[in-house]
Amino acid sequence: MLNYLQGLNEMQQKAVLHKDGPLMIIAGAGSGKTKVLTTRITHLMAAHNVDAFNILALTFTNKAAAEMKERIAHILGNTEARNLYIGTFHSVFARILRTEAPKIGYPNNFTIYDTEDAKSVIKTVINELNLDDKQYKPNTVYSRISAAKNALVGPADYANDYHLQQEDAKANRPMLGQIFVAYANRCFKNGAMDFDDLLIKMYELLKNYPDALSKYQRKFKYILIDEYQDTNPAQYEIIKLLGAMHENVCVVGDDAQSIYSFRGATIENILQFKKDYDDVAIVKLEQNYRSTKNILHIANQVIGNNKGQIEKVLFTDNAEGEKIKLVRTLTDNEEGKMVADTIQEQRLRYHLANKDFAILYRTNAQSRSFEEALRRMGIPYRIYGGISFYQRKEIKDLLAYLRFIVNTNDDEALKRIINYPARGIGKTSMEKVALYANEKNIHMWEVLCNAAMFGFKSGALESIDNFVITIKMFQSELTKQNAYDLAVLVGKHSNIVKELFNDKTTEGLARYENVQELLNSIKEFIETPLNEEDGEVGDKGLGTYLQQISLLTDADADSDENADTVKLMTIHAAKGLEFTMVFVAGLEETLFPNAMSINTREELEEERRLFYVAITRAKAKLVLSYANARYRFGQLQQNDSSRFLEEIPEEYIERSYAGQAARNNGNNWQQGTAFERMNRGFGNNNFSASNSSEKKKPSYLTPPPRPAIKEHVPSNNFEASNTALLQAGQRVEHQKFGFGQIVTMEGASHNPIATIHFEQNGEKKIMLNYAKLRIVE
DNA sequence: GATTATATGGTTTTT
DNA sequence: CCATATAATC
1 MLNYLQGLNE MQQKAVLHKD GPLMIIAGAG SGKTKVLTTR ITHLMAAHNV
51 DAFNILALTF TNKAAAEMKE RIAHILGNTE ARNLYIGTFH SVFARILRTE
101 APKIGYPNNF TIYDTEDAKS VIKTVINELN LDDKQYKPNT VYSRISAAKN
151 ALVGPADYAN DYHLQQEDAK ANRPMLGQIF VAYANRCFKN GAMDFDDLLI
201 KMYELLKNYP DALSKYQRKF KYILIDEYQD TNPAQYEIIK LLGAMHENVC
251 VVGDDAQSIY SFRGATIENI LQFKKDYDDV AIVKLEQNYR STKNILHIAN
301 QVIGNNKGQI EKVLFTDNAE GEKIKLVRTL TDNEEGKMVA DTIQEQRLRY
351 HLANKDFAIL YRTNAQSRSF EEALRRMGIP YRIYGGISFY QRKEIKDLLA
401 YLRFIVNTND DEALKRIINY PARGIGKTSM EKVALYANEK NIHMWEVLCN
451 AAMFGFKSGA LESIDNFVIT IKMFQSELTK QNAYDLAVLV GKHSNIVKEL
501 FNDKTTEGLA RYENVQELLN SIKEFIETPL NEEDGEVGDK GLGTYLQQIS
551 LLTDADADSD ENADTVKLMT IHAAKGLEFT MVFVAGLEET LFPNAMSINT
601 REELEEERRL FYVAITRAKA KLVLSYANAR YRFGQLQQND SSRFLEEIPE
651 EYIERSYAGQ AARNNGNNWQ QGTAFERMNR GFGNNNFSAS NSSEKKKPSY
701 LTPPPRPAIK EHVPSNNFEA SNTALLQAGQ RVEHQKFGFG QIVTMEGASH
751 NPIATIHFEQ NGEKKIMLNY AKLRIVE
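Note that the working numbering gives residue 605 to position 605 of the first sequence, counting from 1, and the numbers run on in steps of one.
Hints in this document: simulated from the structure, not taken from any laboratory. A couple of the hints might just be wrong.
To be verified - No more than 25 Å apart at the CA atoms, straight line, and that leaves these computed lysine-lysine pairs for PhoX-like:
#, residue 1, residue 2
1, Lys189, Lys207
2, Lys396, Lys170
3, Lys14, Lys415
4, Lys498, Lys393
5, Lys396, Lys189
6, Lys323, Lys123
7, Lys523, Lys498
8, Lys170, Lys137
9, Lys63, Lys219
10, Lys119, Lys540
11, Lys123, Lys480
12, Lys312, Lys619
13, Lys323, Lys119
14, Lys293, Lys312
15, Lys123, Lys432
16, Lys396, Lys472
17, Lys427, Lys134
18, Lys323, Lys293
19, Lys189, Lys440
20, Lys14, Lys323
21, Lys274, Lys19
22, Lys63, Lys472
23, Lys427, Lys480
24, Lys284, Lys325
25, Lys396, Lys427
All figures in this text were calculated on a predicted structure; none of them were measured in a lab.
Kindly generate the complete structure, drawing on both the sequences and the hints.
Below, the structure is given as C-alpha cells:
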C-alpha cells in the first residue's frame with residue numbers, strides 16, 4: 001500500500017501527506033503539481049478514508065478535471081473517483097446553482113449567457129435607455145461590468161459608488177452604473193446568468209442563505225484548488241465561505257504563471273491566503289522535471305526581470321540540451337513557412353511525431369500563416385481556440401430554439417429564432433413586441449401568445465400565431481421525448497435543417513454537417529451513463545445539456561486527444577501543457593508584448609509572465625521567432641523585435657535568418673543587413689555568423705516564386721467531387737485555377753498529389769486532401 | 001419585409 | 001483582412 005508515494009520527491013510527499021488544515025503549494029513550472037494534486041486526493045481517500053463525496057477539487061479546465069478523475073480512478077482501482085466533485089469553478093457552481101436557483105429567484109433551468117449573448121443584451125439595454133451605442137460600446141460596457149462583478153461589486157454598489165461615478169464621468173460614460181443595473185435586471189427577468197453571475201450568484205447564495213452555506217460546508221470537507229494564481233476576488237470569497245467550517249483548503253499555484261488578470265484574477269489571493277488562515281503550511285516545489293537546463297535557465301532569466309515575486313529557484317537534473325533557436329524572417333508568411341519546414345526537418349531527423357510539436361502565439365489571428373504553411377506541406381495540425389464549435393452561428397441558432405423551449409423567459413433566444421428561418425416576423429413587428437412587453441412589464445413571449453389582443457393584424461398576426469403554435473408543440477414534446485429526439489424534431493420542424501441542406505455552397509455544406517455533429521453530441525450526452533449524484537437535479541434533460549455545453553472550453557471539445565497532429569494555440573490556451581518542441585512565434589513589439597499591455601509596469605510584467613509560460617512549455621527544443629513585417633488590418637506593418645528577446649543571455653541563443661531575401665542573394669547577410677538599415681531598432685541585434693555553418697540549408701531558404709494567378713470564377717454548379725479514384729487524363733475544375741487536365745498522379749495513397757495542367761494558369765501540383773476539385777468528366 | 005451592396009471598424013488573452 | 005452594421009433596392 002501507499003506505493004503511489006514512490007516516485008515523489010521529498011517536497012511532493014510532504015504536500016501529499018499533509019492531512020488537515022490549510023495548505024499552500026507554490027509549484028514552479030513543470031514541478032509535477034498535477035501529480036501532487038491527484039496523489040493527494042488519492043491519499044485522502046485511500047489512507048484516511050475520506051469519502052469521495054466530501055472532496056471538492058477546482059481546476060482550470062473541464063479537461064483537466066476529467067484527466068484528474070481518470071488518474072485517481074486508475075490508482076485506486078475502483079469506481080469511487082466518479083463521486084468526486086471535480087470541475088472548473090464555473091461548471092461546479094452551475095451544477096450547484098441548478099439545484100439551488102429557486103432560493104435566489106431563478107428557475108432551475110436558468111440559461112447561461114456566453115459573452116456574445118451578454119453583449120447583445122447590453123446593446124438592447126443601451127438602446128432602451130436611449131443612449132448612444134457609439135458612446136457606450138457594448139464591448140467596453142461588458143468588460144466594465146465583468147470587472148465589477150469579479151471584484152464582487154454589484155449593480156447597486158456600482159451605481160452608488162462615488163469613485164466609480166467620477167471615473168466613469170471622466171471617461172465620458174456617466175450612465176454606466178444605470179446600464180449595469182438595467183442589464184442585471186434584464187438578465188434576471190430572462191432567467192439567465194452570464195459567466196460572472198455563476199460566481200456572484202453562488203456567493204450570494206452562500207452569503208444570504210445560512211442553510212445552503214452549512215449544507216455545502218458540511219459536504220465539502222476537503223477543498224483543493226488548482227491554478228490558484230488565476231483566481232479572482234469573487235472566487236476567493238466563495239472558497240473562504242465554503243472552507244470556513246473545516247479549513248481543509250489546499251491551494252496550488254505559481255505566481256510566475258499568473259496570466260489572467262484581465263479576467264479579474266489577482267496574485268493578491270496568494271498573499272491573502274496566508275493572512276486569512278492562522279496556520280498555513282507552505283510547501284514549495286522547485287524541481288523541474290520537464291525541461292532541459294538551457295530552457296529552464298533562460299526562463300529563470302526572463303522572469304527575473306519582474307519585480308514582485310515569491311522567492312523560489314527552479315532547478316532541474318535534466319540534460320543541458322540544445323541552445324535556444326532564434327529565427328528572424330521578413331514576413332509573417334515566411335515565419336509560417338520556416339516553422340513548417342523546421343517541423344518537417346526535425347520530424348525526419350529525430351523521428352518525432354507531429355504531436356511532439358506546438359506552435360504558440362500571442363493572438364489567435366496569428367494562426368493563419370502557420371495553417372497555410374502546414375497545409376501546403378501536408379502536415380496535419382489542429383488549432384485550439386478561435387471560434388469554438390458552439391459559437392458558430394448555425395449551432396447557436398439551433399441551440400437558441402432549445403434554450404427557448406426550456407426557458408421562454410429568455411427574450412434573447414427568442415429574438416434569435418423568431419425570424420430564422422425567415423417566417424415574416426421582421427424588425428417592425430419585433431419592435432412592437434418589445435415595446436408592449438416593456439410597457440406591461442411582461443415577457444415578449446406573453447405578448448406573442450396574445451398577439452391579437454395587442455393589435456397585430458392579418459399577415460403579421462398569422463405568422464406570429466404559427467410561430468407560437470410551433471413552439472408550444474415543441475414544449476409539449478419536451479416531457480415526452482428525450483433531448484436528442486426533441487432536437488431532431490426542432491431541426492426538422494423549424495426548417496433549419498432543410499434550409500441548410502438546400503444551401504449547396506461549401507459553407508452551407510459545412511454548416512449542415514455542423515448541425516448534424518451537434519445532434520450527434522446530444523445523442524452522445526444522452527447515452528453516456530449518469531454521474532452518480534445525491535438527489536440533485538443533474539439529469540439527462542435538455543436543461544442539463546444546455547448548461548453543460550455553455551461552459552465547455554475549446555480544449556474540452558477535443559475529441560481525439562492523442563491524434564498525431566501539430567498543435568496550434570495561444571499561449572493562454574497552452575497553460576498546463578507540455579511539448580517536446582515548442583515554437584513561440586511573433587516575438588515583436590506591439591504584438592508580444594502586446595501594444596494594449598505596455599502602459600503600466602503591471603501589464604508589462606504580466607506579458608513577461610506570459611512569455612515565461614510559453615518558454616516553460618518546452619521539454620527539449622525551443623524556437624523563438626519574429627517577423628520584420630506582418631499583415632495587420634490588411635496592411636503590411638513593420639515591427640521591431642520584442643524587448644523580451646534582449647533579456648535572454650546571448651550565449652544560450654543560436655540566431656538565424658530565414659526567408660526570401662537570403663535566397664535571392666545566396667548570402668544571408670547582405671540582404672539582411674540592407675533591410676536592417678531600412679528598419680531602425682536592429683542596431684543591437686547582432687546577427688553574427690553563427691549559422692554560417694556548412695550544413696545543408698533547410699528548404700525554407702528557397703520559397704518558389706509564385707506567379708500571379710488568373711482568378712477563375714467557379715461554375716454555379718461547382719461542388720467538390722470525391723477525388724479518390726481520380727486518374728490522369730480526366731478534366732477537372734479548380735475553384736481558383738479554373739479548368740484543367742490531370743497530367744500525372746503521385747504521392748502516397750493517404751496524401752495523393754495530382755499534377756494538373758490548367759488552361760489559364762499552367763501546370764500546378766495539387767494536394768487532393770486539401771484542394772476542392774470538381775470532376776468534369 | 002427580404003435580399004443584396006456598401007461602409008465601418010476592430011484584435012489581446014477566456015470561463 | 002474579416003465580420004458585422006447600415007443603406008439601398010426590389
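Do the hints match the structure? See the list:
Annotation: proposed proximity of Lys189 to Lys207 holds, straight-line Cα distance about 22 Å (limit 25 Å). Between Lys396 and Lys170, the direct Cα distance comes to roughly 38 Å. Violation of the 25 Å bound is thereby established for this hinted pair. Taking the CA atoms of Lys14 and Lys415, the gap is about 56 Å. The hint is violated against a cut of 25 Å. Of the supplied pair hints, the one linking Lys498 and Lys393 holds, its CA atoms being roughly 16 Å apart against a limit of 25 Å.
For the hint pairing Lys396 with Lys189, the CA-to-CA distance comes to about 21 Å; that is within 25 Å, so the pair holds. Using a Cα cut-off of 25 Å, the hinted pair Lys323 and Lys123 is violated, with the two alpha carbons roughly 52 Å apart. For the suggested pair Lys523 and Lys498, the alpha carbons sit about 20 Å apart, so the restraint of at most 25 Å is met. Of the supplied pair hints, the one linking Lys170 and Lys137 holds, its CA atoms being roughly 16 Å apart against a limit of 25 Å.
For a cut-off of 25 Å, the pair hint linking Lys63 to Lys219 stands: about 24 Å separates their Cα positions. This hinted pair does not check out: Lys119 and Lys540 have alpha carbons roughly 30 Å apart, beyond 25 Å. Our distance criterion of 25 Å between C-alpha atoms is broken by Lys123 and Lys480, whose separation comes to about 37 Å. The straight-line distance between the Cα atoms of Lys312 and Lys619 is roughly 20 Å, inside the 25 Å bound, and the hint therefore holds.
As the CA atoms of Lys323 and Lys119 are separated by approximately 47 Å, the hinted pair breaks the 25 Å bound. Proposed proximity of Lys293 and Lys312 is supported: the alpha carbons are some 16 Å apart, at most 25 Å. Restraint check for Lys123 and Lys432: satisfied, since their Cα atoms lie roughly 18 Å apart, inside the 25 Å limit. Taken as a hint, the Lys396 and Lys472 pair is honoured in the structure, with Cα atoms around 20 Å apart against an allowance of 25 Å.
Between Lys427 and Lys134, the direct Cα distance comes to roughly 21 Å. Compliance with the 25 Å bound is thereby established for this hinted pair. Proximity of Lys323 to Lys293 is assessed by CA-CA distance (about 10 Å); at most 25 Å being required, the pair is judged to hold. For the proposed pair Lys189 and Lys440, the alpha carbon gap of about 13 Å is at most 25 Å, so the pair holds. Proposed proximity of Lys14 and Lys323 is contradicted: the alpha carbons are some 35 Å apart, above 25 Å.
A distance of roughly 18 Å separates the Cα atoms of Lys274 and Lys19; the hinted pair therefore holds under the 25 Å criterion. Restraint check: the Cα-Cα separation between Lys63 and Lys472 comes to about 37 Å, which exceeds 25 Å; the hinted pair is violated. About 34 Å separates the Cα atoms of Lys427 and Lys480, which puts this hinted pair outside 25 Å; it is violated. Taking the CA atoms of Lys284 and Lys325, the gap is about 31 Å. The hint is violated against a cut of 25 Å.
Between Lys396 and Lys427, the direct Cα distance comes to roughly 20 Å. Compliance with the 25 Å bound is thereby established for this hinted pair.
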